[in-house]
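Going down the list, the protein sequences come from chains A and B.
Terminal number for the first sequence in this note's numbering: 349, no gaps in between.
Terminal number for the second sequence in this note's numbering: 561, no gaps in between.
Worth double-checking, as some hints may not be accurate.
[What the hints assert, rightly or not] Stretch by stretch, here's where chain A covers chain B in the computed footprint (C-beta under 8 Å, at least three residues):
no., stretch
1, 393-403
2, 529-536
[Claimed, not checked] Just some of the chain A residues that point at chain B, by a computed CB distance under 8 Å:
no., residue
3, 40
4, 66
5, 85
6, 325
None of these hints come from the bench; they were simulated from the model.
We treat Cβ as the ideally placed atom computed from N, Cα and C, and that holds for glycine.
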Amino acid sequence: MMMKRWLLGIAAMLAAASRAFANDWGMGDANSKIPPSSIFSPVSTPASDINTLAFFTLAITGTIFLIVGSLIVYSVVRFRARSDDDGREPPQVYGSNPIEFAWTTVPAIIVFVLILITARTIYTVQAAPRPPGAINVRVIGHQWWWEFQYPDLGIVTANELHVPQSDPANPTPTFIVLESADVAHSFWVPRLAGKTDAIPNHRNTMWIDPHEVGTFLGQCAEFCGTEHAMMLLRVIVEPRGDFQRWAEAEKQAPVQDASVARGRAVFESTACVNCHAIRGTAANGTFGPDLTHLMSRETLGAGVAINTPEHLKIWVHDPAEMKPGALMPAMNLEPKDLDGLVAYLATLR
Amino acid sequence: MAGSIEHRIALSAESDHASLPILGRAHEWVVTVDHKRLGLMYIGGGLVFFLIAGLQAATMRLQLAIPNAGIIAPQVFNRLLTVHGTAMVFLVGMPILTGFLNYLVPLMIGARDLAFPRLNAFGFWLWLFGSLLLYFSYIGGDGLYGAGSAPDVGWFAYAPLTERAFSRGNSTDYWILSILLTSVGSTATAINLLTSIFCMRCEGMTLRKMPVLVWLAAVVSFLMCVVLPPLSAAQAMLLLDRFLGAHFFDTQAGGSAILWQHFFWIFGHPEVYVLVLPAFAFANEIIPVFSRKVIFGYSVMVAASCALAFISLGVWAHHMFSVGMAPAGNAFFAASTMLVSIPTGIKIFNWIGTMWGGKIRFRIPMMFSVGFLAQFLIAGLTGIMLAVAPFDWQLTDTYFVVAHFHYVLIGAIVFMIFAAIYYWFPKATGKMLGERLGKWHFWLFLIGFHMTFDTLHFAGLRGMPRRIYTYQPGRGLDTINLIASIGVIFQAAGILMFLINVIRSLRSGKPAGDDPWDAWTLEWSTSSPPPEYNFAELPVVRSRRPLWDLKHPEDPDWKYE
Chain A
1 MMMKRWLLGI
11 AAMLAAASRA
21 FANDWGMGDA
31 NSKIPPSSIF
41 SPVSTPASDI
51 NTLAFFTLAI
61 TGTIFLIVGS
71 LIVYSVVRFR
81 ARSDDDGREP
91 PQVYGSNPIE
101 FAWTTVPAII
111 VFVLILITAR
121 TIYTVQAAPR
131 PPGAINVRVI
141 GHQWWWEFQY
151 PDLGIVTANE
161 LHVPQSDPAN
171 PTPTFIVLES
181 ADVAHSFWVP
191 RLAGKTDAIP
201 NHRNTMWIDP
211 HEVGTFLGQC
221 AEFCGTEHAM
231 MLLRVIVEPR
241 GDFQRWAEAE
251 KQAPVQDASV
261 ARGRAVFEST
271 ACVNCHAIRG
281 TAANGTFGPD
291 LTHLMSRETL
301 GAGVAINTPE
311 HLKIWVHDPA
321 EMKPGALMPA
331 MNLEPKDLDG
341 LVAYLATLR
Chain B
1 MAGSIEHRIA
11 LSAESDHASL
21 PILGRAHEWV
31 VTVDHKRLGL
41 MYIGGGLVFF
51 LIAGLQAATM
61 RLQLAIPNAG
71 IIAPQVFNRL
81 LTVHGTAMVF
91 LVGMPILTGF
101 LNYLVPLMIG
111 ARDLAFPRLN
121 AFGFWLWLFG
131 SLLLYFSYIG
141 GDGLYGAGSA
151 PDVGWFAYAP
161 LTERAFSRGN
171 STDYWILSIL
181 LTSVGSTATA
191 INLLTSIFCM
201 RCEGMTLRKM
211 PVLVWLAAVV
221 SFLMCVVLPP
231 LSAAQAMLLL
241 DRFLGAHFFD
251 TQAGGSAILW
261 QHFFWIFGHP
271 EVYVLVLPAF
281 AFANEIIPVF
291 SRKVIFGYSV
301 MVAASCALAF
311 ISLGVWAHHM
321 FSVGMAPAGN
331 AFFAASTMLV
341 SIPTGIKIFN
351 WIGTMWGGKI
361 RFRIPMMFSV
371 GFLAQFLIAG
381 LTGIMLAVAP
391 FDWQLTDTYF
401 VVAHFHYVLI
411 GAIVFMIFAA
421 IYYWFPKATG
431 KMLGERLGKW
441 HFWLFLIGFH
451 MTFDTLHFAG
461 LRGMPRRIYT
471 YQPGRGLDTI
481 NLIASIGVIF
491 QAAGILMFLI
501 NVIRSLRSGK
511 PAGDDPWDAW
521 TLEWSTSSPP
531 PEYNFAELPV
541 VRSRRPLWDL
551 KHPEDPDWKY
561 E
C-alpha cells in the first residue's frame with residue numbers, strides 16, 4: 001500500500017518534469033545555433049576592453065592562488081604530526097616584524113597597480129567619445145520585455161535590437177540610453193558590453209561597437225519579478241546596408257491585406273488596443289510591445305518561443321501557458337476570432 | 001488565563017520535577033538568562049533554520065538541474081530564493097555565530113555571565129519570533145491565509161519591486177517585520193557583548209591579553225551597532241511607503257530606487273564581515289591549538305581585523321557598479337574594495353605562519369579549518385575580480401557572484417561553524433563527537449560544496465544571470481547546472497552524517513573531560529559542561545594562554561608578551 005503511494009508520487013513528479021521539457025517552444029534549436037554568451041569572447045570594443053582587463057586580473061589572482069595555495073598545501077603536508085612524534089610541543093614563534101612588513105607591503109603594491117589599471121579602463125569605457133556616425137537607441141525595460149526606440153529613425157520595436165556592424169575605419173557605434181517603465185532591470189549582452197541597469201526615474205547611458213556580424217543573446221540581469229528569467233533579448237548585428245534596408249522596412253506602415261480585415265477588426269475592437277500599438281491603426285497602447293512589424297522578429301514573448309503563427313495562437317489564447325506570470329491576460333476569444341486575429345498578426349511583416 | 005497555565009507549569013517544574021521532566025526542563029530553557037543556554041539556543045535554532053533553508057536551496061537546484069524545467073512555478077522559485085537568502089543571513093548565520101560568541105565570550109574572559117543577562121534573553125526571543133514571522137509568511141502572506149505566499153522580492157528587496165504597486169498582498173511586510181525584529185535582537189546582543197568585553201574581564205586580562213576571539217567579538221559587535229540601524233531605518237521607511245503613502249523609494253511618485261540600494265548595501269556589505277569575522281575568530285582559536293603553536297603575529301591579527309571592519313564601511317557601492325555611477329565613483333569604490341585584500345591577505349599569511357613549523361593534528365576541527373583556509377583563499381581572489389569594476393560589469397548579477405559569495409558563506413563561514421561545533425561540542429555537552437562520522441561529514445560536504453559552487457563560477461562566465469528560475473537549452477549551461485545540482489546530494493549526505501553524529505554523541509558519546517584538545521584558553525579550565533556560574537573561583541591570568549602557562553611553568557607565555 002505504502003509502496004504504491006510512493007510509486008504514484010514518483011510517477012507524478014516525473015510527469016511534471018517531462019511536461020517541462022515540452023515547454024521548449026523551439027528555442028532549444030534556435031539558441032544552440034548561437035554560440036554561448038561567454039564574456040571571454042567579446043565582439044565589441046567595451047567588451048574587449050573589459051576582456052583585456054579581466055585577463056590581466058586573472059593573471060594576478062591566478063599567480064597569487066598558486067603561490068598561497070602551495071604554501072597552504074606545503075605547510076599542511078610538511079608539518080603534520082608524525083606517528084613517531086615525541087609528544088613535545090614545537091618551538092613557539094610569536095611573530096616576526098620583518099615578515100609581517102613584507103607580506104603587508106607586497107600585496108599593497110599589487111593592489112596599487114591593479115587600482116591604476118582598473119581606473120584607466122573605467123574611464124576609457126565610461127568616458128568614450130561619440131563619433132558623428134553613432135546610432136542612437138533608447139532602451140526601456142518593462143516587466144518582462146524590452147522596448148527599443150530609434151529616435152532618429154522613428155522606429156519602435158521590441159526584444160530584438162538591430163544595429164549596424166561597426167568597422168574601426170568608419171565607426172558606427174550604438175549609443176544606448178537606458179530607462180525603465182516600472183522596476184529596476186539590467187541590460188546585458190555579454191559579448192557586446194558589461195551590464196548597465198535600467199532604473200525608474202533615472203537615465204543611464206552605455207554604448208556598444210560590434211565589429212562582428214551575427215546574433216548575440218542577452219537578458220535582463222537585475223531581478224525584476226516573476227518572469228525575470230524570461231526577459232531575454234537578441235542583438236542582431238548586420239552589415240550597414242542590411243541595417244539600412246531593415247530600418248527602411250520598419251519605417252513603412254504594415255501592409256493592408258484585405259483578406260485579414262476580420263482579424264484586424266477583432267484587434268481594434270478588443271482590449272488589445274489598450275496595450276499594443278500598430279502604426280496606421282487605432283491601436284496606440286504603450287504598455288505592451290509595439291506590434292507594427294511583429295513578424296519581422298524571430299522570437300515571441302521576449303524570447304520564450306520561436307515566432308510562428310502556431311505559437312502566436314497559443315500566446316494570444318493564454319500567454320501564461322508559455323510564460324506563467326506574463327502581464328498580458330488570456331484573451332478568451334471565440335475560436336473564429338482567434339484564428340482571424342492570428343491570421344492578421346501574421347501579416348504584420 | 002494564559003498566565004496561570006505558565007504559572008502552574010512553573011510550579012510543577014519546581015515542586016515535582018520528576019513527574020513532568022520534559023515540561024520542567026523546557027521551562028528551564030524558556031526562562032533561562034544563562035549566556036550558555038541562550039548561546040546553545042541560538043545555535044540550535046540557527047541549525048534548524050539551516051536545514052529548512054538548505055532544503056529550499058536543494059529545491060531550487062532541482063528546478064535548475066535541467067534546462068526549461070517546470071518542476072516549480074516561477075513565483076514559487078522567487079519565494080524560495082528570497083526566503084533562502086534572508087533565512088541564511090538572518091536566521092542562520094547571525095544567530096549561530098552570535099550564539100557561539102554568547103557562549104564563549106564570558107568563559108574566555110573569565111566572567112560569570114554577560115553584562116545584561118536579561119537583555120540577552122530578550123534578544124534571543126525577539127530573534128526567534130522574528131524568524132518565525134518570516135516562515136509564517138508562507139501561510140499568512142497573501143491575503144486569506146493562502147498557502148505558499150512568502151515574499152518573492154529577493155533578500156535585497158530592491159525598490160520599487162517592493163512597493164505596493166509591484167508587490168501586492170502582505171508578503172513583503174512579513175519580510176520587513178521579520179528583519180526589523182531579528183536585527184533589533186542582534187543589536188541588543190552586540191551591545192551586551194561590547195559591554196561585557198570592556199567591563200567584565202577577569203583580573204590580569206588587559207586588552208592586549210584577550211584571546212583573539214574576544215577581540216574579534218568586540219570588532220563584530222561594534223560593526224553590528226554601526227550597520228544594523230541603517231538597515232532598520234530603511235525597513236521603517238519602506239513600511240512608511242507601503243502603509244502611510246510616503247515616497248522614499250516609490251518611483252511612481254518621484255521616489256528613488258537607488259536610495260534603497262545605498263541603504264541596503266551600507267548594511268549589506270559590512271554584514272559580510274559581521275558573518276566572516278566570527279569565522280576568523282574560530283580559526284584563530286582552532287588553528288593554533290591543532291598546530292600546537294601560539295598564533296603568529298597576535299597584534300597584527302587584531303589590527304588587521306580592526307582595519308577590515310573599518311574598510312568594510314567604505315566599500316558598499318561595489319554592489320552597485322552597474323547602476324551607472326560616474327567614473328570617479330566607480331574608481332573610488334573599486335579602490336577601497338581592493339584595499340580589503342591587504343588585511344585579509346595578512347590574516348591568511350598569519351594562519352599559514354601559525355601552522356609553519358608546528359605539529360599539526362588532523363582532528364575534525366582542524367580539517368574543517370584547513371578547508372576554510374583554501375576556500376577562503378579562492379573566495380578572496382574572486383572577490384578581487386569582482387572589485388575590478390569593469391570586470392564586475394560583466395560578472396555582477398551572474399552565477400559567478402553566487403559562486404563567490406557561497407565560497408565566503410559556505411566555504412569559509414559554514415566550514416568554520418562546523419569546525420567550531422566539533423571543537424566546542426565537548427565543552428558544551430561533555431561528550432565528544434565521533435571522528436569517523438566526522439570524516440564522512442567533512443569529505444562528503446567538501447566534495448559536494450565544490451561540485452556545486454566551483455562549477456557555478458563557469459555558469460556566470462558563460463552568461464548565466466542569477467535569480468532566474470530556468471534557462472534555455474543550447475546555451476552551454478546544461479552540464480554545468482547538472483553537476484552543480486548533483487553536488488547538492490553530496491552536501492546533503494554530509495549534513496546527514498553530521499546530524500547522526502550529533503544525535504549519537506548526545507546519547508552515547510565518549511566522555512570529553514574538561515580539556516580534550518589540550519587547549520589554552522580559559523573555557524577549558526572549567527568543567528564540561530561548565531556549571532551555571534562558569535567558574536567556582538574567578539580566574540586570574542598573566543598571558544593570552546593561561547592554560548599554556550599552567551602546563552608549561554618552565555616556559556610560560558608571559559615571559560614573551
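How the hints compare with the structure:
{"no.": "1", "hint": "393-403", "in the structure": "holds (count 6)"}
{"no.": "2", "hint": "529-536", "in the structure": "violated (count 0)"}
{"no.": "3", "hint": "40", "in the structure": "holds, 7 Å"}
{"no.": "4", "hint": "66", "in the structure": "violated, 11 Å"}
{"no.": "5", "hint": "85", "in the structure": "holds, 6 Å"}
{"no.": "6", "hint": "325", "in the structure": "holds, 5 Å"}
Comparing the model with each earlier hint shows violations of hints 2, 4; every other hint is respected.
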